[in-house]
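Each residue of the sequence shown is one higher than the last, beginning at 34 in the working numbering.
There's no promise every hint is true.
Label pairs and their calculated CB-CB ranges [to be verified]:
(1) LYS128 x THR62: 25 to 31 Å
(2) GLU148 x SER194: 34 to 40 Å
(3) GLU79 x LYS193: 19 to 25 Å
(4) ILE195 x GLU148: 35 to 41 Å
(5) GLU79 x ALA129: 28 to 34 Å
(6) ILE127 x LYS63: 19 to 25 Å
FYI, nobody ran anything at the bench for these hints, they're computed from the structure. The structure presented is a predicted model; accordingly, all values stated were derived computationally and were not measured. Heads up, the beta-carbon is just placed ideally off N, CA and C, and yes, glycines get one too.
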Amino acid sequence: MTIARPFAVAMAALLMIAPALAKNFAVPTKNPAITITVPDNWKTQEIEFGYSARPQDESVFFSVEFASARNIDKMMATNDAWMKENKIKKVEPIKAEAPLNGISATIFQYRTTDENGPTMVDFILLPAGESRVIMLTVWGSDEEREGHGKELDAIFGSIKSIN
Numbered sequence: 034m035t036i037a038r039p040f041a042v043a044m045a046a047l048l049m050i051a052p053a054l055a056k057n058f059a060v061p062t063k064n065p066a067i068t069i070t071v072p073d074n075w076k077t078q079e080i081e082f083g084y085s086a087r088p089q090d091e092s093v094f095f096s097v098e099f100a101s102a103r104n105i106d107k108m109m110a111t112n113d114a115w116m117k118e119n120k121i122k123k124v125e126p127i128k129a130e131a132p133l134n135g136i137s138a139t140i141f142q143y144r145t146t147d148e149n150g151p152t153m154v155d156f157i158l159l160p161a162g163e164s165r166v167i168m169l170t171v172w173g174s175d176e177e178r179e180g181h182g183k184e185l186d187a188i189f190g191s192i193k194s195i196n
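Given these sequences and hints, build the entire structure.
Written out as structure tokens, the structure is:
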């Protein structure tokens, strides 16, 4: 019994300091420009231009997409259709330029409504070299985003330029 207790305490301590499991993505898949990490307990799936991820309660939506210059309009049209499909009212976005982990970013923030009430959608465009662009999307109400704030901060903090 005296050996079992110290062993259990040591194992508990190791579990507390062990890093959280995560899913790592290189974006785009061919000749990547960034890497990004999504919590392992978030459900991920491949979408037309990249990947989407949601926490278990599905309250927040995150995606990372990429397109070449010739496909940017198609990617944006797909996102317009996504907003319509999810009953997100299209409004004029607030546009800002700001660095994201040292990468210049253009942010389009839509303070709008969906079928559940007030919500916010952010489209964040990052240059990806070779006439390509990466777009990050975050959708959720202020409360939903706050509830997953640590996870969203970790996702955005994980974004690293490969170049």
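Each hint tested on the structure:
no. : hint                        : result
1   : LYS128 x THR62: 25 to 31 Å  : holds (29 Å)
2   : GLU148 x SER194: 34 to 40 Å : holds (37 Å)
3   : GLU79 x LYS193: 19 to 25 Å  : holds (21 Å)
4   : ILE195 x GLU148: 35 to 41 Å : holds (39 Å)
5   : GLU79 x ALA129: 28 to 34 Å  : holds (29 Å)
6   : ILE127 x LYS63: 19 to 25 Å  : violated (33 Å)
This entry does not satisfy hint 6, going by the numbered hints stated previously; all others are met.
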